[in-house]
Each structure stands twice: as structure tokens, then as C-alpha cells.
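J.: Take a look at the letters that make up each chain.
There are 2 protein chains.
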Amino acid sequence: MTDVTLGIDIGGTNTVFGIVDEKGKIIFKDSISTNAMEPAESLFERVFEVFTKKFNEISTEYNLVGIGMGAPDANYYTGAIENPPNLNWGYVDVKSAMKNYYDIPFALTNDANAAAIGEMEFGSARGMKNFIEITLGTGLGSGIVVDGKMLYGFSGAAGELGHINIVKDGRKCGCGRKGCLETYVSATGIKRTVYEFLASSRDESAMRDISFNQLTAKDIYDAAKVGDKVAISAFKYTGKLLGEALADAVAILSPEAIVIFGGLAQAGEMIFAPTQKYMESSLLHFHKGKIKLLQSGLAEGDAAVLGASALIWQELKR
Amino acid sequence: MTDVTLGIDIGGTNTVFGIVDEKGKIIFKDSISTNAMEPAESLFERVFEVFTKKFNEISTEYNLVGIGMGAPDANYYTGAIENPPNLNWGYVDVKSAMKNYYDIPFALTNDANAAAIGEMEFGSARGMKNFIEITLGTGLGSGIVVDGKMLYGFSGAAGELGHINIVKDGRKCGCGRKGCLETYVSATGIKRTVYEFLASSRDESAMRDISFNQLTAKDIYDAAKVGDKVAISAFKYTGKLLGEALADAVAILSPEAIVIFGGLAQAGEMIFAPTQKYMESSLLHFHKGKIKLLQSGLAEGDAAVLGASALIWQELKR
Chain A
4 MTDVTLGIDI
14 GGTNTVFGIV
24 DEKGKIIFKD
34 SISTNAMEPA
44 ESLFERVFEV
54 FTKKFNEIST
64 EYNLVGIGMG
74 APDANYYTGA
84 IENPPNLNWG
94 YVDVKSAMKN
104 YYDIPFALTN
114 DANAAAIGEM
124 EFGSARGMKN
134 FIEITLGTGL
144 GSGIVVDGKM
154 LYGFSGAAGE
164 LGHINIVKDG
174 RKCGCGRKGC
184 LETYVSATGI
194 KRTVYEFLAS
204 SRDESAMRDI
214 SFNQLTAKDI
224 YDAAKVGDKV
234 AISAFKYTGK
244 LLGEALADAV
254 AILSPEAIVI
264 FGGLAQAGEM
274 IFAPTQKYME
284 SSLLHFHKGK
294 IKLLQSGLAE
304 GDAAVLGASA
314 LIWQELKR
Chain B
4 MTDVTLGIDI
14 GGTNTVFGIV
24 DEKGKIIFKD
34 SISTNAMEPA
44 ESLFERVFEV
54 FTKKFNEIST
64 EYNLVGIGMG
74 APDANYYTGA
84 IENPPNLNWG
94 YVDVKSAMKN
104 YYDIPFALTN
114 DANAAAIGEM
124 EFGSARGMKN
134 FIEITLGTGL
144 GSGIVVDGKM
154 LYGFSGAAGE
164 LGHINIVKDG
174 RKCGCGRKGC
184 LETYVSATGI
194 KRTVYEFLAS
204 SRDESAMRDI
214 SFNQLTAKDI
224 YDAAKVGDKV
234 AISAFKYTGK
244 LLGEALADAV
254 AILSPEAIVI
264 FGGLAQAGEM
274 IFAPTQKYME
284 SSLLHFHKGK
294 IKLLQSGLAE
304 GDAAVLGASA
314 LIWQELKR
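Residue numbers (my numbering), protein chains in the order written: chain A, 4 to 321; chain B, 4 to 321.
Only chain A is shown next, with the shape it has when bound in the complex:
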């Protein structure tokens, strides 16, 4: 019998779950639609219906020792999901709900924290005790690891690097404030930058034929690849702002490395080169040349399940 954990990642659209062993091998993985307008309880029922059927087939070989979950607006301390804006759930006491299915160790955290823990257990941050994980998706999430442990802070809400102010009275943010990092550095942020640059410049660009709602980060990347000036400038600007913000985070946290994960990070050097350059030039002298900027070591499709699973593996090891 091999010990395994169940990792569940709840997204606004899909919920992914899978069985993972202690070394990060995914034994089984599946995905169902989250149905954000239905109550949380119905999602949990559907997850465990699929999972239990599958797990029963292999339960002579594997021993389920814990469940880890990554979810938006999840609080590690309370084990609850607290009024996620993209799910019609309100407040859900997930920790108690899980007991109805399997009465085994359970832990919950937000998706960026789960990514950080996955990185530490199975990815680019293996062996590191102080690092910052940045997840670049629709928004910008971050998970901070200090002395080998997730930084949760007093209320459990630490690690919101996406919401530090980088432009006074800047772009409106979903959080209700203005000028937050994620309004510039994220898939949505670079789109807004492209639209700003399309307005301010007179450069020809294929993106002049794409509406705001249609435009994707992939379109911008493709355009930059074929020399589109607006797209190239947008990547440079995004990397500059990210690099400068990371230098501030380094001054506060003094990490060994910063690991970048997520859709926008797929643009590779296009985003890494300016980020590295401006981070380096903005660092305090004693940090210069010493902070590693790394790409995630987790495969895009596996990261969510690995992160959720790593969370509970860490708890079990303590």
C-alpha cells in the first residue's frame, strides 16, 4: 500500500482533482465543471462521486492519508472559503464539509499559496526556505515562503503582492482601489497596456483589428513574436513594472528566489528579460546579482493538483 493524498483545486470555471504520491507523481487526475452559480455542497458531492468511484478501483494499492485544497479566497486558519467574488457561495466552512466524505487530515489555502507549496515540494523551489511565488493569470497572485513555512500573517491574508500600489491614482482594480500591481502585471494588465499604447502611438499593429474583449495575452505574445512594436513595448513595460515591484518585495522579504508561474509566464524571455533587468537595477546593492528569478518547475496542467496535494503533504510531515 502506497500513501497518497487527494489534491483539489477549485477554479472559477473548472475544478481539478487528483491523487498524488509523496514524490509528486500524479496517479490519477480528473476535472469537472465548477458550476459557479450552484452551491458549494453540490460541487463537493460531484467531486467525490467521481473520485470515490475511481479510487475504489485502486484502493487495494493506495492508502488515502489526507486532502489538500486550493481555492479562491480560502483561509488556511479557518478552513473556510470567504465570499469569493467569482463563485456564488458566500461563506463556506469547507473543513467541516469535508468530514462528511473522508474524516482524514484536511488543509485549505488560496491558489497562489498552493502553487508556492507545490513549487517547494515538487518544483523549482525544492530545498528552498525563503522564496516568493508569483502567479500570473487573469490577476497576479503571490505566495510567500519564510523559513520553510507559508507566510499567512495574523488574519491569514498575507501575500497579496498583486495589490500593492505601483501607480498613484492608476488603473481601477477589481479590489475597488486604484493602481494595484495586478492592473498592470497580469494577462488583463498587459491587455490594458496594449490598449493604452494603441491609443498613444501611431504604430501599425495587427492588434488594431482585435476588440478589447477578444484580445488575449496569447495574441499579444504572437504579435510580439513577429515584431509588432506595440506588443513588444507592452511586454517591456509589463516586465519593467514587475521587476521594480519585485525589488521592493526583496527589500522587505530578502528571499533566495522568485518563481514565476502561470499563463503570462509562458511568454518566456519576452517577459523574463525585462523583469530581470529592471529588478536587478532596482535592487539594494547587497541584493544585486544574488536573487534568482526562476520559471516554475510545475507543468501548467498539473500545478493546481500538485499544489493542493503538496499542502496536505506538508501538514502530514509536521
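To be clear, the hints were calculated from the coordinates, so they are not data collected in a lab. Any given hint could turn out to be false.
The list makes no distinction among identical chains, and a pair is therefore deemed to hold if it is satisfied within one copy or across any two copies.
Claimed, not checked - Pairs of lysine to any residue residues, derived as SDA-like cross-links and limited to a Cα-Cα distance of at most 25 Å, are as follows:
(1) LYS228 with ILE107
(2) LYS175 with ASP222
(3) LYS132 with ARG205
(4) LYS28 with GLY177
(5) LYS293 with MET131
(6) LYS26 with LYS171
(7) LYS26 with LYS132
(8) LYS293 with GLU207
(9) LYS171 with ASP150
(10) LYS194 with ALA260
(11) LYS291 with ASP172
(12) LYS295 with GLU272
(13) LYS291 with GLU303
(14) LYS221 with ASN91
(15) LYS293 with LYS320
(16) LYS56 with GLY177
(17) LYS280 with GLY179
(18) LYS194 with ASN103
(19) LYS291 with THR81
(20) LYS293 with ASP172
(21) LYS243 with GLU64
(22) LYS171 with LYS320
(23) LYS295 with THR81
(24) LYS291 with ASN89
(25) LYS28 with LEU67
(26) LYS293 with PRO75
(27) LYS291 with GLY179
(28) LYS26 with GLY300
(29) LYS56 with VAL229
(30) LYS239 with ALA190
As the structure is a computational prediction, the values presented were derived from the model and not from experiment.
For chain A, the structure is supplied; the task is to place chain B on it using the hints.
T.: Only chain B this time, still in chain A's reference frame:
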């Protein structure tokens, strides 16, 4: 016999040291001039000459169990002071040097971290496990406590909130960069602000008769007290920038409280009111109304010795 520790605080001008018991009672305290141009070894000799003479008189009652030290550019991990700009010392392995005097547990950290630890053991942060200490002196120092432990980070250099960028291409900083928080929020920062405001406004001000080098934070406070518009505006502006920067720190660290210590903090409500107001309005919605902004609970004259002593008390308790 009562167990006591020796706390030593090395400043650019004076070095203060004292004997402190586990409850923070100062049994004996003294101060000598640092003589920054002489080697570190000569300072240590002078400190221990005075200390040992005094301690021998009372050594039948007290048992010395450890030495804690706060110093500029001190590295907790290495036990060394690393090229402090205001002391002509270069690199000093303090930990080894101390063994020549007393071969007992020793710990070293920078002055802002020592203040944070003093606050946690004997001051306003008693019982707290997550808080930020801000020291407002000539510069702006900070010490961050996470989960009951000092945040040192990978290299030991964490907690440099004074060097996050708050104005792009802003005022020149001693660190060689531009727009750092401490160039605006510190005794020197508010002086620079006053000079900027004296230049941009036409308001009458007693400070128009004081040279830059003569002007002190106390002068600005005194002027504000009697209704000087420039001085009042300078305090508001300083508090606004501090409050906004603290809101960013809260987004990253999610502390229970922020404790303000040091000379400029003596200005009381003049600085606290705008800091509180702008921090509150800049906080993420789930932090609003929940972050305590506190004045230090350590007496100005005792803080340095208490902080250094608290550092070693914490080590001994582990």
C-alpha cells in the same frame, strides 16, 4: 541569584549598554562614546572595562547568562557587522570577538530588529506574533515579526521597508537609489519636505529663518504646534506617504499591528493622525478597521538596551 543579560546598542555616536532581567527591568545602564573612527576592538575593550568593573560589584546577586547586541548593518546569521557606512570598521566578526570577554550565548541583529524584539518582549507588541516595527529616526528602519519570529529572510537582510520605492525618480537616497520611503518619511525626510514646501508655497514660516543643516524635526514640530502652515502640511504629507506605504506592507504581511518608534514618533497625533487616515483608506477591504497602529511601549532612553537584551532573552528561551 537572578539571571540577567547584557544588552549593548552600538550607535554612530554613542554606545549604550545595560544589565536587564527577564521582565525588562534595567538593573544598570551606561553609555560611552563610540569613537567611530577607531577600530571596533577598541570600543569592545572600553565597553567591557566599564561593564566588568560595575558588574563585579553586584555579581553576588546576578548571574550573567547572555549578551545581545543591536548595531547598524549587523547580520543575525553570521554574527558580523558588515561595512557600516557610519563606522570606520569594515567587516567585524563580533560573535568571535565577544568570546574574548564572556564565553556565554551571544546574538546580534540590526537596531530596527532589536527594537522589534524589545517591543515584543517588553513593549506594545507583547503577546503578538505578527507585527511590524517602524523606527523613525534619521532614517526609517523596520523589523518584521512573523509567527513570533524575526523575519530575516535568506541573507539576513529582510525588513528594509525604508528602501521600498514610493516616488518614481524621487529624492536621492543614501543607498544610491531614488525615491525610497526613508527619503520622505524620517527626520531627514520631513526636513526635505519642509524645504520643498518653503520653495513651492508663499506661506510665512518661522522656518524660513533656519538653514537646512540647522533645521531639526523638533523645530518642525514646534512650528506646527503654533500653527505654521508649512510645518503642518509637512507632517500631513509625511503621514500620508507613511500610511500608504504601510497599507502595501499590510497587503504583503498581514500583521496584527504596526508599532511606531523613534524621534519623529514623538510628534504624536501630528504624525499618527494622517498616517492612520491614509493607511485606512489605502487598505484592502478585508483589512480595513482591523490593523492596529500603536506607539512604542518602550521608553526612548531605554529602548536600545531593552531591544538588545530582549534579543538574547528570546534565544535563551528557545
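J.: Hint by hint, note whether the structure agrees.
T.: Hint check:
1. Neither within a single protomer nor between protomers do LYS228 and ILE107 lie at most 25 Å apart by alpha-carbon distance, with minima of 49 Å and 63 Å respectively.
2. In this assembly of identical chains, the alpha carbons of LYS175 and ASP222 lie at most 25 Å apart only when taken from the same copy (23 Å versus 40 Å across copies).
3. In this assembly of identical chains, the alpha carbons of LYS132 and ARG205 never lie at most 25 Å apart, being 48 Å within a copy and 54 Å across copies at closest.
4. For the homomeric pair LYS28 and GLY177, neither the shortest alpha-carbon distance inside one copy (36 Å) nor that between copies (50 Å) is at most 25 Å.
5. In this assembly of identical chains, LYS293 and MET131 lie within 25 Å of each other by CA distance solely inside one copy; the values are 14 Å within and 32 Å between copies.
6. Taking the closest pair of Cα atoms, LYS26 and LYS171 never come within 25 Å of each other, the shortest separation being 45 Å inside a single copy and 45 Å across copies.
7. Taking the shortest alpha-carbon separations for LYS26 and LYS132, only the intra-copy value of 18 Å comes in at or below 25 Å, while the best inter-copy value is 33 Å.
8. For the homomeric pair LYS293 and GLU207, neither the shortest alpha-carbon distance inside one copy (40 Å) nor that between copies (50 Å) is at most 25 Å.
9. Taking the shortest Cα distances, LYS171 and ASP150 never come within 25 Å of each other, neither inside one copy (33 Å) nor across copies (32 Å).
10. In this assembly of identical chains, the alpha carbons of LYS194 and ALA260 never lie at most 25 Å apart, being 27 Å within a copy and 37 Å across copies at closest.
11. For the homomeric pair LYS291 and ASP172, the shortest alpha-carbon distance between copies (19 Å) is at most 25 Å, but the shortest distance inside one copy (30 Å) is not.
12. In the homo-oligomer, the alpha carbons of LYS295 and GLU272 lie at most 25 Å apart inside one protomer (15 Å), although the nearest pairing across protomers, at 42 Å, exceeds that limit.
13. In this assembly of identical chains, the alpha carbons of LYS291 and GLU303 never lie at most 25 Å apart, being 30 Å within a copy and 35 Å across copies at closest.
14. When the C-alpha separation of LYS221 and ASN91 is checked against a cutoff of 25 Å, the pair qualifies neither within a copy, at 29 Å, nor between copies, at 55 Å.
15. Taking identical chains as interchangeable, the C-alpha atoms of LYS293 and LYS320 are never at most 25 Å apart, the minima being 31 Å within one chain and 33 Å between chains.
16. Proximity of LYS56 and GLY177 under a CA criterion of 25 Å is satisfied in neither setting, with 39 Å inside one chain copy and 64 Å between copies.
17. When the C-alpha separation of LYS280 and GLY179 is checked against a cutoff of 25 Å, the pair qualifies only between copies, where the shortest distance is 17 Å, while the shortest distance within a copy is 31 Å.
18. Taking CA atoms no more than 25 Å apart as the test, LYS194 paired with ASN103 passes in neither setting, with 43 Å inside one copy and 63 Å between copies.
19. In this assembly of identical chains, the alpha carbons of LYS291 and THR81 lie at most 25 Å apart only when taken from different copies (19 Å versus 39 Å within one copy).
20. In this assembly of identical chains, LYS293 and ASP172 lie within 25 Å of each other by CA distance solely across copies; the values are 24 Å between and 33 Å within a copy.
21. In this assembly of identical chains, LYS243 and GLU64 lie within 25 Å of each other by CA distance neither inside one copy nor across copies; the values are 50 Å within and 61 Å between.
22. For a Cα distance limit of 25 Å, the shortest separation of LYS171 from LYS320 qualifies neither inside one copy, at 44 Å, nor across copies, at 45 Å.
23. In the homo-oligomer, the alpha carbons of LYS295 and THR81 lie at most 25 Å apart only across protomers (21 Å), although the nearest pairing inside one protomer, at 33 Å, exceeds that limit.
24. When the C-alpha separation of LYS291 and ASN89 is checked against a cutoff of 25 Å, the pair qualifies only between copies, where the shortest distance is 22 Å, while the shortest distance within a copy is 40 Å.
25. In this homomeric assembly, LYS28 and LEU67 come within 25 Å of each other (Cα to Cα) only inside a single copy, at 14 Å, whereas the closest approach across copies is 54 Å.
26. Only between protomers do LYS293 and PRO75 lie at most 25 Å apart by alpha-carbon distance; the minimum there is 21 Å, versus 33 Å within a single protomer.
27. Proximity of LYS291 and GLY179 under a CA criterion of 25 Å is satisfied inter-copy only: 13 Å between copies versus 35 Å inside one chain copy.
28. Only within a single protomer do LYS26 and GLY300 lie at most 25 Å apart by alpha-carbon distance; the minimum there is 14 Å, versus 48 Å between protomers.
29. In this homomeric assembly, LYS56 and VAL229 never come within 25 Å of each other (Cα to Cα): the closest approach is 48 Å inside a single copy and 78 Å across copies.
30. Taking the shortest Cα distances, LYS239 and ALA190 sit within 25 Å of each other inside one copy (14 Å), while across copies they are farther apart (37 Å).
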